[in-house]
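Student: The listed protein sequences correspond, in order, to chains D and E.
First residue of the first sequence? That's 1 in my numbering, and the numbers climb one at a time after it.
First residue of the second sequence? That's 85 in my numbering, and the numbers climb one at a time after it.
Among the hints, a few may not be true.
[Unchecked claim] Covered by chain E, according to a simulated footprint, are these stretches of chain D (three or more residues, beta-carbon under 8 Å):
id, region
1, 16-30
2, 38-46
3, 53-61
[What the hints assert, rightly or not] Incomplete in silico selection of chain E near chain D, CB under 10 Å:
id, residue
4, Leu107
5, Val127
6, Ile181
7, Gly185
8, Thr284
9, Leu300
10, Arg304
Hint data in this document are derived by calculation from the structure and do not stem from the laboratory.
Beta carbons: idealized from backbone N, C-alpha and C, even for Gly.
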Amino acid sequence: MGGVLAEVPALPLHEAGKYVAGAYVVLFALVLIYVAIMAIRLGRIERELGELLELTEGTVAAGAGPPDSPTGDGEFARPGATSA
Amino acid sequence: MYGKGLRALSISTVAVMTAALALVFFYAPLEAEQGFLQKIFYVHVPLAIVALCGFIAGAIMAIQHLRTRDPSWDMRSYVAIHMSLIFGVGTLITGSIWAKGSWGHWWVWDEPTLVSFLIVFLLYATYQPLRFAIEDPERQARYASVFAITAGAFVPLNFIAVRLSTAYVHPRVLGSTSNLPAPMALTFVVSLIGIALLYTTLCKYELTAKHARAQLRALRRRLTGDGATAAPVRRGRSAAPSTLHPAAMMTARMTAKDGL
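Work out the full structure: start from the sequences and follow the hints.
Tutor: Structure follows, in structure tokens:
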């Protein structure tokens, strides 16, 4: 193995280019896959928001406001925003 | 909460990454021994450094979680480790490509730096299954924090052990940047900042997305009236941490106890 790891001459540009391109494409692909996953999540959130909007419109049309109750998820409720 | 400053951070990341790429391909000189192949150095090494620092950051956040019992620290620790694993995949792939171009082999088993990084990566690869194996969210968070701290302590120890080993075949970076010519050193530092910014931005995106989902769930419960019982909703088994704040959990339990 020592022979393999010994100093080897630099690859010419036309040979090294594909390895360098490969490495940078890997980074780009990782970011792209992550962005694609985030886009799917965003689509899901948008769909759920639409459902909730429809639910709210239905409640308002029926003449009743949303139930006045604690959410149970205090981390995400604004501090001091408890309804009277 | 988590989305604050995300826009500025995203813009900075794109700007620094673009600058880093420009410096790599138009400014940094070709290395005498490896030639053009050495350009992989500017992506592989920052990815490795940021991934390892991310594991340590995850451990520090886990300490905070055990100290304060605040689930948001568990969430941060989870996201830091999750993102470091992704960056770890990038490190292993880019390293293998470099090894193939430089040594003619995709992987060399008797090279301590490569194998030690693989060991750290495989150690952290068990983090998600560990979380998934525990159903109770509080116990899951506690055990995951203990794991993150233990594994986090292993990272610098592993790094030092590799440094002390005699087989100095892998190119040295930390401690020898002073030997780099100024244009190369500048390019490396900008690349490192760019990758670190990318890591931070992606972590913030992840946290914001999880936060938004939790808010939606809370809103849905409120609108459908399920929130009237104020009892924490039992989730399906998941490796992702619970995001319920302890104060809210206590309020919810007290409200449920009062029969509201």
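Student: So, against the hints stated earlier in the document, which numbers end up violated here?
Tutor: 4, 8
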